[in-house]
Every structure is written in C-alpha cells, then in structure tokens.
Amino acid sequence: MKKIFIVIAFLFSSNSFSADIDKQYKSLIEELRCMVCQNQNLSESEAPLAVDMKQKIKEMLKSGKNEEQIKAFLSERYSSYILYEPPVNSQNIILWFGPLVFIVILSFVLFRRYIR
Amino acid sequence: MIIEIGYIGYFLLLLGLMNCMLLLTPKFVSGLNVSSNILLSASKLHFPILLISFICLVITFVGEDYSLDYVAKNSNSNLPLIYKISAAWAGHEGSMLLWCVVSSFWMFLASIFSEDLHKSLRINFLATMGLLNLGFLLFVVATSNPFDRTMNVPIDGSDLNPLLQDFGLIVHPPMLYMGYVGLSVVFSFAIACCFESDFKKEWAQWIRPWILASWSFLTLGIALGSWWAYYELGWGGWWFWDPVENASFMPWLMSTALLHSVIATGEKGMFKSWTILLSIFTFSLSLLGTFLVRSGILISVHSFASDPTRGIFILLMLLALIGGGLIIYSMNSKKFVDDNEVTLFSKEGFFLLNNILLVTATFTILLGTMYPLFLDVLGLEKISVGVPYYNAVFIPLMIPLMLFVGYIPILLARNSKNSQLIQLVVILILSIILSLTFSVNSILFFIGIFSATWIIVNILYDVFFSLDNKIKLKNRMGMYFAHFGLAIFILGASISENNKIEKEFVLNVGESKTIGLFEYKLEKLSELKSVNYDAIIASVLVSKDNQFITEINPEKRLYHSSESPMTEAGIHGRIDRDLYVSLGNMIDDNKWSLRIYDKPFIRFIWIGTIFMIIGSIFSIRFKKKSS
Numbered sequence: 001m002k003k004i005f006i007v008i009a010f011l012f013s014s015n016s017f018s019a020d021i022d023k024q025y026k027s028l029i030e031e032l033r034c035m036v037c038q039n040q041n042l043s044e045s046e047a048p049l050a051v052d053m054k055q056k057i058k059e060m061l062k063s064g065k066n067e068e069q070i071k072a073f074l075s076e077r078y079s080s081y082i083l084y085e086p087p088v089n090s091q092n093i094i095l096w097f098g099p100l101v102f103i104v105i106l107s108f109v110l111f112r113r114y115i116r
Numbered sequence: 117m118i119i120e121i122g123y124i125g126y127f128l129l130l131l132g133l134m135n136c137m138l139l140l141t142p143k144f145v146s147g148l149n150v151s152s153n154i155l156l157s158a159s160k161l162h163f164p165i166l167l168i169s170f171i172c173l174v175i176t177f178v179g180e181d182y183s184l185d186y187v188a189k190n191s192n193s194n195l196p197l198i199y200k201i202s203a204a205w206a207g208h209e210g211s212m213l214l215w216c217v218v219s220s221f222w223m224f225l226a227s228i229f230s231e232d233l234h235k236s237l238r239i240n241f242l243a244t245m246g247l248l249n250l251g252f253l254l255f256v257v258a259t260s261n262p263f264d265r266t267m268n269v270p271i272d273g274s275d276l277n278p279l280l281q282d283f284g285l286i287v288h289p290p291m292l293y294m295g296y297v298g299l300s301v302v303f304s305f306a307i308a309c310c311f312e313s314d315f316k317k318e319w320a321q322w323i324r325p326w327i328l329a330s331w332s333f334l335t336l337g338i339a340l341g342s343w344w345a346y347y348e349l350g351w352g353g354w355w356f357w358d359p360v361e362n363a364s365f366m367p368w369l370m371s372t373a374l375l376h377s378v379i380a381t382g383e384k385g386m387f388k389s390w391t392i393l394l395s396i397f398t399f400s401l402s403l404l405g406t407f408l409v410r411s412g413i414l415i416s417v418h419s420f421a422s423d424p425t426r427g428i429f430i431l432l433m434l435l436a437l438i439g440g441g442l443i444i445y446s447m448n449s450k451k452f453v454d455d456n457e458v459t460l461f462s463k464e465g466f467f468l469l470n471n472i473l474l475v476t477a478t479f480t481i482l483l484g485t486m487y488p489l490f491l492d493v494l495g496l497e498k499i500s501v502g503v504p505y506y507n508a509v510f511i512p513l514m515i516p517l518m519l520f521v522g523y524i525p526i527l528l529a530r531n532s533k534n535s536q537l538i539q540l541v542v543i544l545i546l547s548i549i550l551s552l553t554f555s556v557n558s559i560l561f562f563i564g565i566f567s568a569t570w571i572i573v574n575i576l577y578d579v580f581f582s583l584d585n586k587i588k589l590k591n592r593m594g595m596y597f598a599h600f601g602l603a604i605f606i607l608g609a610s611i612s613e614n615n616k617i618e619k620e621f622v623l624n625v626g627e628s629k630t631i632g633l634f635e636y637k638l639e640k641l642s643e644l645k646s647v648n649y650d651a652i653i654a655s656v657l658v659s660k661d662n663q664f665i666t667e668i669n670p671e672k673r674l675y676h677s678s679e680s681p682m683t684e685a686g687i688h689g690r691i692d693r694d695l696y697v698s699l700g701n702m703i704d705d706n707k708w709s710l711r712i713y714d715k716p717f718i719r720f721i722w723i724g725t726i727f728m729i730i731g732s733i734f735s736i737r738f739k740k741k742s743s
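Protein chains in written order, with my numbering: chain A, 1 to 116; chain B, 117 to 743.
It should be emphasised that the hints constitute simulated quantities derived from the structure, not laboratory data. In this text the structure is predicted, and so the values were computed from the model without any measurement. For each residue, glycine too, the CB sits at the ideal point set by N, CA and C. Treat the hints with caution; some may be incorrect.
As the list claims (entries may be wrong) - Per the computed footprint, the stretches of chain B lying under chain A, defined by three or more beta-carbons under 8 Å from a beta-carbon of chain A, are:
#1 353 to 366
#2 384 to 395
#3 495 to 508
#4 542 to 551
Produce the complete structure using the sequences and hints provided.
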C-alpha cells in the first residue's frame, strides 16, 4: 500500500536559494494553474506534471529569469490557460472592464431614480 | 421487504407531483373566488409526503438495496452507518430530492405563517411556491430519479466518494440548500406583490425575517464549505474563487444587498420596485448556481454537451424563472411609487451605496465565472480566471463598502465634527499599532486592519454612549453583531494572509526542523486500518524553546475503492494561531515530504461568520417597529 504513496520525489532545501527568490517562487506558483488537475494551482498540486513544472520554475528563477519572463515562457508553451490572471487583450476586454462599465451605469440609473 | 421501500419512496414522489398540481388547480381553473382550502392544505401536505419519500431513500441506503441504481453507485456495505445515511444526499439524484424536501419545508412554513397576509396576496404567494415545487419535483422525476432500478445489482455496492466521507460535507449541502431554497420564498413573495396595487411597508417587514433566515443558512453553508476545504484539502487555503464557491457566493452577496434594501422599504416605503427586482435576481442566482454545479458544465463544456438533459431542464427552468419574473415585474413596476425620497447622506442613502457595490461585486463574480465558459462555447482561447483577477476587481469594491459599514454608527448618531475627528485619530493610531505588531508589509493588509478597527471602534463607541437607551441598543443589536463579525472576518483574513508561514520540505523519521517560532519533529509513522480506509498517520511533535507544545497527526488515507490517496491535515488550532501539518509524498519508508503552515488568527475568519449569523438571528428575533 505504501508504494501507492510514492510519487517522484522533489527534494529541495530552502537554504539553497535566497529568501527573495523563495518569495517570488511562492507567489508565482500560486498564480499558475496545474494543467492536469480540475482547478488547482501549482502550489497545491502534487501531480507529477505540476512537480516537474515547479522544478522548472525554480531553475528559471535561479538562473535569473524574472516573473514576467517565466509567465511568458509558460503561456507560450501551455497557452494562457495556465495563468490565473487572464491577459488583458481584446478577447478579455469585457472581463476586465465590464465591472467598471457596470458600476457606472448602475450608479447612474439608481442615483437618477432615487436620490433627490 | 427492502425492495418495497424503494417503491414506496417512488410512489410518494409521484403523489407529491399530483399534490403540487392539485395545489395549483384552484388558482388556474377558477381564479381566486373559489375556496382556497385545497391550495392551503396541499401546500402543507407537500412537506410530509416528500419527507417520507426521502426517509424511504435513506432506509434503502441503510438496508443496502443495491437494486436501486443510485444506492448501488453511492454506497458500500462496509461504510460506517453515518456515511450510509449521508450518502443519501451525496450524489446528484439524492441531493436534488433533498432540494425538493427543503423546498417543500419552506412552503410548509410559508403556508403556516402567512395567515395574517390578506387573501389574494397569500394565494398568489403560495401558488408561486407551489409552481416552483412542481418544477423541482418534475426535474427529479423526469431526469434524476433516485429510485430508478438497475439490472446489474452489485453485491456490495461501489463506494461513496472519499471526499464526502466527512462530517463537514454531511451538513454543508443541507445548510446551503436551506439558504438557496429559502430565497424562493422571497422570490415567490415578490412575484405575488407584483399582482397587488402597491408594495406595502408591512409586507416588506413581513418578508425580512425570511430573507434573514435564508441568509443565515447560506452564510453557515458557505462557512462550513470553506472550513471543510481548509482542513480537508491539505493546502491550508480557505477560499479559492472556484466556480463552485462562486455559485454560492453570488446569491449570498445579492441577499446581503436585499436584506438592507428591504429595511428601507419596510420602514419608509423606499426602493419598492428595486427590492422586488433584487428578490427576483437573488433567487435566480441561487438557481444559476445549482445549474452550474449540477449540469457538469463547470467540469467541461463538452461533458455537459454529452449528456445535456439535466442541464437543459435546469436551464429552461432558470430562463422561465428569470424571464417570467422580469416580465411580471416590468408589467407592474410602474405602480410601485415610493412613499419618500432618499437623501444621499442618510441611512437609506447608504443602503443605496451598499446595494450598488454589492450588486456590482456579484456581477463581477458572475462575469469571472461565466466568461471562460462563454469563450469555451465559442471555441476561443481558453482562459483561467482565478485569485489574481478577483483580487484586482473584487477587493476594490469591498474597500469603500467596509468604510461605509464603519461609518454607519457615526451617521446614525450624528455627532459633532469634533468627536468624529477624535474617533478617527484614535482609530488611525490603533490600526498603526496593530499593523506594526503584525509587521504588515503591504498597503492592502493595512487597509484591511484599518477598516476592521474602524468598524469595531465606531460600534463600541456608539454602544458605550447608548447604554442608557435600551430600545435603541436592542434595535441595533443585530446590525452591530453582524458588522462586528464582518470586521473580525476581515482581521482574520488580513492577518492570516500577511503573517502566514508556509514551508514544504522532506524529513526523515527522527529529524526535526524549525519554522517560525516552532520546532517540528517527525517522531514516527504508523499504519492504521479502518473500516472504510487504510491510513498512514504521522506523529509530529511541536515544541518551542525545547518546551513540548503539542502532537499533530496528519494522515494520508487510501479509501478502499479509490486509487488516489487523500490528505487529512493535522491541525493544532488555537484562537490566535493554527499550526497546520499535512503529509505530501512518501520518499521512502521513513522519509516524507511535509507541508507545514503557521497561520495566525485564521480562526477569526469563521468566528466572524458566527457573529454575522448571531446578528442575523437577533434581527429576526427583534423586529423593528415601523416609524
């Protein structure tokens, strides 16, 4: 039964890279989707693919890549589906600016109707 | 013998269906003039019929009648009794039957407590509820019958989803359903009011306790769900903005808006048509949530398309509800003329601001939940909408809302400018001290701490200066408890997020590691065989300055009929701090990866919601007299 628990190990010691990179790493893996899970970020996931990806991200951070570069690399490879923060582009314009338009219209309608 | 129970249950479902039609006949055949006795008794009778049917379902689970397809798929002979019982509502069919039972229960209550309403209102109200009950029950009988038989009867059943073999998830769905369906009472009442010549103040006062009761159940249901996610999923989070969570959060936000606007309608006859519109949308969102969760559309648009009957049925019901509701509303809204006008700088003006922010927040979540689905249906590039999106669009809406909440006591007291200034200075100093104590490192968390302090101090200030005015205190008790709870919640969310320590590393048995203030030692690993699962239990000893503090026992469980292991986090919970350990992966027999989380004040999140519910109960208990 124990065998079932064995998944490829990912060993790391937090001493081997600086606190700053550690912080970057943590916030980054929370914003990326595990591509084989239902709706989990990389940080939560222990799926083999997620473990590999976390390893890759760690290496990239160590080699001096910044967050933006890593995100660009990953969304190039896996499509922007991997980003929990959808890119601001023409396809997502309603998603990002809809709430703003909505609150303006709602305020206008309600104020005009009710406020003396 | 047990075979018959399943047939009796099914027979009762059909009886319930006929009862619903009977309930509606006086309404549609001969209008109001005929005696409404049939309607009244049928609306009461519906509950016992469905309750017994549901009990029959539970009996078939306990009695292991695996000739019922639903029982065979969701239970197993080896399950402990409690999970055999709760398995009755663990799957789709049973939970939809539970929904119907809850709905019939609310109709039962509505029928009993509506005696003081005048006749036409009462009849339209109960008839609308009857129509909804008919729709729900038709859905169960036509698409999701838990009493369907199967040809290949398994000997021991299959198994209950391991995630559901847990106390939290036994009580979470019934509570949530009580909330969702309770809002159907509010919806039905709003529709009935549309057929009257006016929306009277007394009626708004009459419906408010029903809104509060549904809201309390919804709050409890959501809090239980988030608590469950926290201790069960093993990653230490309590909210992920998952579509399933959003599905319950949207009606919660809308009903929060509604329970405020209805005060103004009840006290001063303001926002009449707006309150009715909110009532319609609030219940529509409950049903939308059910559609999202139950149709399978969230898992994938394609899995929905492969078996769309259920989804399409709910979708049609949803369209009929929103469409019908809005048509009835728009045909009648002109006749609701408000008794008073609103000034911005008043309690009612603040309700309006509250409503604008809460409705926009709801819209934002709706957009974030539906947008990826639309893109997927249209075949455009798939996207993920998650925490960063909601942090960017939802939190900015909540900040002004919290500032308004905190301002309410000052607004009501109308103090001189002077004491307001002193209050503000005190609050600023307090929140700076708090922020320094918790070494807050971002503006956002400072705003969180500031707004919590702002709310709490203003409430305490007002309470302190009103101690001699018992009536005023009694009237405001519910509000103050609920707002205080909100502040506690914000404190918990801010501090636990700001000061969390999360580490993941590998330990050999006997090794230890210091994280934050505490040292964690992996003392030993032991195996456990339980009736429904096998487990490995770790014993992690926690100490501080070589003083033993506690032993934490995280587990990895393998349920008998599931391939993937389940994580059972071990939590040492105190009011000011949770130490949270979960087992990651096994490296070899004596070596495991561990996740250790140190979360200060995270319990405030749930303590806050308890205060909110207490506040709501106070408000139900002490009804305000209209001025």
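Now the hints, each set against the structure:
Residue count for the region 353 to 366 of chain B with a Cβ under 8 Å from a Cβ of chain A: 4. That meets the three needed, and the coverage hint holds. A count of 3 residues in the region 384 to 395 of chain B with a Cβ less than 8 Å from any Cβ of chain A is obtained; the coverage claim is therefore met, three being the minimum. Restraint check on the region 495 to 508 of chain B versus chain A: 11 residues with Cβ-Cβ distances below 8 Å, three needed, restraint holds. Counting residues of the region 542 to 551 of chain B whose beta-carbon sits less than 8 Å from any beta-carbon of chain A gives 0, not enough to reach three: the coverage restraint is violated.
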